[in-house]
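Trainee: Single-letter residue listing:
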Amino acid sequence: MNGDEEPRLSARELLERLEPSLRVRTRVRAVAALVAGLAGAVFVLGLWWSEPAPLPGRTRLAFGLLTAFCLAWACYGGWLVRRRVPLFATDRVIAAWIALAACASVTALIAFVAAQRGTVPVPALVVGALFVGAALVLVVRAHRRRAALLRRLRELGSEPQP
Amino acid sequence: MSDELLIVRAQLGERAALAELVARWRVPVWTYVRRMLDAERADDVSQEIWLAVVRGLPRLREPERFAPWLFTIARRSITDRLRGQYAREQETLTPAGNTFTGDTFTEDQVEAMVDRAVLVEALARLPLPEREVLVLHYLEDLPVADCAHICQVPAGTIKSRLSRARRLLRTCLEEGDRS
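Sequence order for the protein chains is A and B. Here the first sequence stands for residues 1 to 162, numbered as in full-length UniProt numbering. Here the second sequence stands for residues 1 to 179, numbered as in full-length UniProt numbering.
FYI, nobody ran anything at the bench for these hints, they're computed from the structure. Mixed in with the good hints there might be a few duds.
What the hints assert, rightly or not - Per label pair, the in silico range of CB-to-CB distance:
| # | chain 1 | residue 1 | chain 2 | residue 2 | range |
| --- | --- | --- | --- | --- | --- |
| 1 | A | Gly157 | B | Thr171 | 48 to 58 Å |
| 2 | B | Arg41 | A | Gly157 | 39 to 49 Å |
| 3 | A | Thr119 | B | Thr72 | 53 to 63 Å |
| 4 | B | Pro154 | A | Ala148 | 43 to 53 Å |
| 5 | B | Arg83 | A | Val24 | 34 to 44 Å |
| 6 | A | Arg58 | B | Arg76 | 26 to 36 Å |
Glycine included, each C-beta is placed from N, C-alpha and C at the ideal position.
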């Protein structure tokens with residue numbers, strides 16, 4: 001190479017190539033896949049466990065397949081969030097609240113369905129409570145991280161941009 | 001605006017800060033990659049590096065140590081591309097733990113002796129481990145401790161590689177003068 005050589009991609013072109021990973025749509029899709037997959041799996045399992053009588057083989061198979069389908073989406077969403085899509089501090093706060101809302105809604109729905117059927121699906125409610133707890137931890141962590149960054153921003157003498 | 005401030009703002013999700021960060025570090029990253037790879041691969045690998053940087057930026061816990069973190073990612077991408085070739089280079093070279101003494105040849109003297117094009121051409125002829133430390137230490141201006149962190153070797157090894165690299169570079173330049 002000679003000393004005057006320069007990158008072929010300008011800063012703008014480079015940013016354009018990074019754009020697919022930074023799109024809001026991509027991040028929303030990743031979080032939605034994770035949350036919907038987990039919520040769906042918990043809901044289907046909750047329904048299954050709250051059945052008052054033993055189910056026929058085909059129904060059990062259908063419940064099992066639905067659960068596997070939801071878990072596959074959850075795994076895909078988890079992989080996207082962990083490896084492919086950058087979730088910045090503000091995104092994490094929003095994502096954590098979405099997760100908490102989804103977990104709380106699904107747990108409440110399971111409890112409601114069980115009450116309608118006159119059963120108490122203890123395992124499903126325990127799992128639901130665990131998910132709500134995990135989502136709460138995510139909310140707290142996301143807020144702490146964002147607060148720490150904002151604090152550091154103030155220490156460095158800058159105000160956050162809108 | 002300092003790098004740390006830019007990184008904190010980018011970690012909060014500010015796109016303008018991320019764009020500024022890319023604009024600021026695009027050429028240093030590409031220069032490092034280009035010293036290690038040919039032009040064709042340098043652009044591809046630089047793009048891969050920036051993708052990894054963007055994906056990993058939210059998890060960077062020490063914004064003040066952005067440069068070593070960035071060059072660690074760059075080095076990993078380069079190593080992935082060069083794995084086979086890099087391994088062969090290391091096998092054929094003297095073990096990195098050896099030290100070289102009595103070497104007083106400095107970068108300033110090199111710059112005084114040759115113009116930039118000749119220096120870069122000589123640099124391209126050095127073995128990869130030595131070329132890498134010269135680029136990181138002198139061209140990217142990183143301290144020995146950061147070079148050691150990036151290359152995942154002790155600081156003493158970096159010093160001995162630098163010493164060997166300067167010696168090899170001097171030999172290359174002297175051969176160039178004679179021819």
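Trainee: Within 26 to 36 Å or not, the Cβ separation of arginine 58 of chain A and arginine 76 of chain B?
Mentor: violated, 50 Å
Trainee: Go ahead and decide if the range 48 to 58 Å is satisfied by the Cβ distance of glycine 157 of chain A to threonine 171 of chain B.
Mentor: holds, 49 Å
Trainee: Should the hint that arginine 83 of chain B and valine 24 of chain A are 34 to 44 Å apart at their CB atoms be regarded as holding?
Mentor: holds, 36 Å
Trainee: Take the C-beta atom of proline 154 of chain B and the C-beta atom of alanine 148 of chain A, compute their distance, and say whether it sits inside 43 to 53 Å.
Mentor: Because 32 Å falls outside the window, the suggested range is violated.
Trainee: Using the C-beta atoms of threonine 119 of chain A and threonine 72 of chain B, is the stated range 53 to 63 Å upheld?
Mentor: At 55 Å between Cβs, range holds.
Trainee: Verify the CB-CB distance for arginine 41 of chain B and glycine 157 of chain A against the hinted window 39 to 49 Å.
Mentor: holds, 41 Å
In the structure shown, a violation is registered for the earlier hints numbered 4 and 6, in ascending order.
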